[in-house]
Amino acid sequence: MKALTDNSQPGSAGRRPGRPRGGQDNAARRERLLDIALSLFSRQGMAQTSLNAIAKEAGVTPAMLNYYFNSREQLLDAMIEERFLPLRSEIVAVFKAHPDDPVTALTQTVQTLARLAERHAWFAPLWMQEVIGEMSPLRAHLQARWGEEEHRATLALLIRWQQEGKLNPALAPELLFTTLLSLVLVPFSRMRNDERLASLSPETIVRHALAVTGAGMAG
Numbered sequence: 156m157k158a159l160t161d162n163s164q165p166g167s168a169g170r171r172p173g174r175p176r177g178g179q180d181n182a183a184r185r186e187r188l189l190d191i192a193l194s195l196f197s198r199q200g201m202a203q204t205s206l207n208a209i210a211k212e213a214g215v216t217p218a219m220l221n222y223y224f225n226s227r228e229q230l231l232d233a234m235i236e237e238r239f240l241p242l243r244s245e246i247v248a249v250f251k252a253h254p255d256d257p258v259t260a261l262t263q264t265v266q267t268l269a270r271l272a273e274r275h276a277w278f279a280p281l282w283m284q285e286v287i288g289e290m291s292p293l294r295a296h297l298q299a300r301w302g303e304e305e306h307r308a309t310l311a312l313l314i315r316w317q318q319e320g321k322l323n324p325a326l327a328p329e330l331l332f333t334t335l336l337s338l339v340l341v342p343f344s345r346m347r348n349d350e351r352l353a354s355l356s357p358e359t360i361v362r363h364a365l366a367v368t369g370a371g372m373a374g
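Residue numbers for the sequence shown follow this note's numbering, beginning at 156 and rising by one.
Bear in mind the hints are in silico, worked out from the structure with no lab data behind them. Remember, predicted model here, so these are calculated numbers, not experimental data. Glycine is no exception: its CB is placed at the ideal position from the N, C-alpha and C atoms. Check each hint, because a few of them may be wrong.
FRET-style restraints, in silico, Cβ to Cβ [unchecked claim]:
| no. | residue 1 | residue 2 | range |
| --- | --- | --- | --- |
| 1 | K321 | A295 | 41 to 47 Å |
| 2 | A182 | E350 | 24 to 30 Å |
| 3 | Q229 | G369 | 40 to 46 Å |
| 4 | R345 | Q298 | 36 to 42 Å |
| 5 | S354 | R198 | 18 to 24 Å |
| 6 | A248 | Q298 | 37 to 43 Å |
| 7 | A276 | L330 | 24 to 30 Å |
| 8 | E245 | R345 | 20 to 26 Å |
| 9 | P254 | V367 | 44 to 50 Å |
| 10 | N225 | H363 | 41 to 47 Å |
| 11 | A183 | P254 | 25 to 31 Å |
For lysine to aspartate or glutamate, the following EDC-like pairs were computed, each having C-alpha atoms within a straight-line distance of at most 20 Å [as the list claims (entries may be wrong)]:
| no. | residue 1 | residue 2 |
| --- | --- | --- |
| 12 | K211 | D190 |
| 13 | K211 | E236 |
| 14 | K321 | D256 |
Starting from the given sequences, assemble the full structure and let the hints guide the process.
Quick look at the structure:
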C-alpha cells in the first residue's frame with residue numbers, strides 16, 4: 156500500500172483536534188488515514204486493530220496519526236460523521252422521496268444498500284461485525300449520535316403504513332430494517348472470504364433479497 160509521508164510537525168496546542176492546518180495536502184492525508192482505518196477495521200475487527208497498526212499500514216508514525224486523530228474516540232467520531240452519516244443520508248432520502256409508498260421505499264432501500272456495499276468495500280463487513288455485534292464501541296457511538304428519537308420515528312412510519320393497509324400487518328416493524336440489512340449485507344460481507352459465494356454479483360444479491368421480501372411487503 157502506498158505510504159503516507161509528511162515532514163510537517165504536529166500543530167500547536169490551539170489547533171482544533173482532527174482538523175489540522177495545511178490545506179489540501181493535509182485534508183487528503185486525513186481522508187487516506189480514515190480509509191485505511193475503515194479497511195483494517197472491516198478486515199480484522201476494531202478490537203484487534205490498534206492505532207499503531209493503522210499508522211503502520213499507512214506508513215506514518217503513531218505521532219503523525221495522533222496529529223490527525225488524537226484518540227480512538229475521535230477517530231470513531233470522524234468515521235461516523237464523515238463516512239456513515241453520508242451513507243445513512245442516502246437511505247433516508249429514499250423514504251423522503253416515497254413517504255406514502257412503502258413497497259417502493261423498501262425496494263429502493265434494498266437497491267441502495269447494495270449500491271453502497273458495492274461502492275464501499277468496508278461497509279458490509281464493518282456493519283456486520285461492529286454494528287450488529289454486542290458491546291461494540293462503534294455501535295455505542297452510532298446510538299449516541301442518532302439516539303432513540305429517530306428509531307421511534309421510523310417505527311411510527313412503518314406502523315402507520317400497516318394501519319393504512321399499505322404494508323403487511325404480519326411484519327414486525329422492529330425487525331424489518333434488520334431483515335433488509337441482513338439480506339443484503341451478509342452476502343456482501345461473506346463474498347470476499349467464502350469462495351462458495353465469490354461468484355455472486357450485486358445484481359444477484361438484490362434480486363434474491365427482493366424475491367424473498369417482495370411477496371411479504373404489500374399490505
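Inset, instruction - Please write out, lowest number first, the hints stated earlier that are contradicted by the structure. - result: 1, 2, 4, 6, 9, 11 and 13
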